[in-house]
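Asker: Sequence:
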Amino acid sequence: MEIMDARAFYEAKKRKLDQWLENTIAPYNRDCEHFEALLAGYAEEVLNGKKKRTISLPGGKFGFRKVPAKIDRDDAALLEYAETSAPEFVKVKKSVDWAELKKTCKTDGDHMVTADGEIVPGVTVTEQPDKFVCEVI
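In the numbering used here, the protein residues as written are 1394 to 1530.
It is worth saying that the hints were derived from the structure and are not from the lab.
Accuracy of the hints is not assured; some may be wrong.
Said to hold, decoys possible - Using C-beta positions, here's what the derived DEER-type ranges look like:
id	residue 1	residue 2	range
1	ALA1399	ASP1523	25 to 31 angstroms
2	THR1447	ASP1490	50 to 56 angstroms
3	ASN1416	ALA1470	44 to 50 angstroms
4	THR1507	PHE1482	34 to 40 angstroms
5	ALA1419	HIS1504	56 to 62 angstroms
6	GLU1493	ASN1422	40 to 46 angstroms
To be verified - Only pairs whose alpha carbons sit at most 27 angstroms apart, straight line, appear in this in silico DSSO-like list of lysine-lysine:
id	residue 1	residue 2
7	LYS1486	LYS1496
8	LYS1499	LYS1484
9	LYS1459	LYS1445
10	LYS1454	LYS1444
11	LYS1524	LYS1496
12	LYS1445	LYS1463
13	LYS1444	LYS1463
14	LYS1463	LYS1484
15	LYS1484	LYS1454
16	LYS1454	LYS1443
17	LYS1459	LYS1443
18	LYS1495	LYS1454
19	LYS1499	LYS1524
20	LYS1444	LYS1459
Since we're looking at a predicted model, the values are computed, not measured.
No residue lacks a Cβ here, since even glycine has one placed at the ideal position from N, Cα and C.
Could you put together the complete structure from these sequences and hints?
Answerer: In C-alpha cells:
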C-alpha cells in the first residue's frame, strides 16, 4: 500500500508542477503569438508582389515558406482506379503467414523446425529471460 501512496503523491505533485509551468509560460506564449501575427502582417505588406519571400534583420530572418499541398487519399477508391486504368502502379506484395507457419513448427535450440524435422531457413531463435511484471489493482 505504501508504494501506491507514494505513486499517487508524486503524480499529484507532478500535475501541480505541470500546471504551474503552464500558467507561468502562457503569457509568454501569448506575447510570441501576438508579435508573430504583427510580423506576418508587416512581411505580407512589404513582400506583396515581390519575388523575395524573406526579410533579413541583424537579429534573424522572417518571411514565408512555400508549403506543399495537402493530399488526402481514399486508398480503396485509388486502388480500384489504378487496377483498371493504371495497372503499372499497382503493387502486389507477397508475404509469409507467420502466425500459421509458427503454429506448425517448434523451436529447437537456435532454430525453428518443421513437424518433419526440417530447419526453417531465415529464422533464428533467441531465448529471452523472464520479464518481471508488477500490477497495481
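Asker: Evaluate each hint against the coordinates.
Answerer: Outcome of the hint check:
{"no.": "1", "hint": "ALA1399 x ASP1523: 25 to 31 angstroms", "result": "holds, 26 angstroms"}
{"no.": "2", "hint": "THR1447 x ASP1490: 50 to 56 angstroms", "result": "holds, 54 angstroms"}
{"no.": "3", "hint": "ASN1416 x ALA1470: 44 to 50 angstroms", "result": "holds, 48 angstroms"}
{"no.": "4", "hint": "THR1507 x PHE1482: 34 to 40 angstroms", "result": "holds, 38 angstroms"}
{"no.": "5", "hint": "ALA1419 x HIS1504: 56 to 62 angstroms", "result": "holds, 60 angstroms"}
{"no.": "6", "hint": "GLU1493 x ASN1422: 40 to 46 angstroms", "result": "violated, 53 angstroms"}
{"no.": "7", "hint": "LYS1486 x LYS1496", "result": "holds, 23 angstroms"}
{"no.": "8", "hint": "LYS1499 x LYS1484", "result": "violated, 33 angstroms"}
{"no.": "9", "hint": "LYS1459 x LYS1445", "result": "holds, 12 angstroms"}
{"no.": "10", "hint": "LYS1454 x LYS1444", "result": "holds, 16 angstroms"}
{"no.": "11", "hint": "LYS1524 x LYS1496", "result": "holds, 23 angstroms"}
{"no.": "12", "hint": "LYS1445 x LYS1463", "result": "holds, 24 angstroms"}
{"no.": "13", "hint": "LYS1444 x LYS1463", "result": "holds, 24 angstroms"}
{"no.": "14", "hint": "LYS1463 x LYS1484", "result": "holds, 23 angstroms"}
{"no.": "15", "hint": "LYS1484 x LYS1454", "result": "violated, 45 angstroms"}
{"no.": "16", "hint": "LYS1454 x LYS1443", "result": "holds, 17 angstroms"}
{"no.": "17", "hint": "LYS1459 x LYS1443", "result": "holds, 14 angstroms"}
{"no.": "18", "hint": "LYS1495 x LYS1454", "result": "violated, 58 angstroms"}
{"no.": "19", "hint": "LYS1499 x LYS1524", "result": "holds, 22 angstroms"}
{"no.": "20", "hint": "LYS1444 x LYS1459", "result": "holds, 12 angstroms"}
Comparing the model with each numbered hint stated earlier shows that hints 6, 8, 15 and 18 do not hold.
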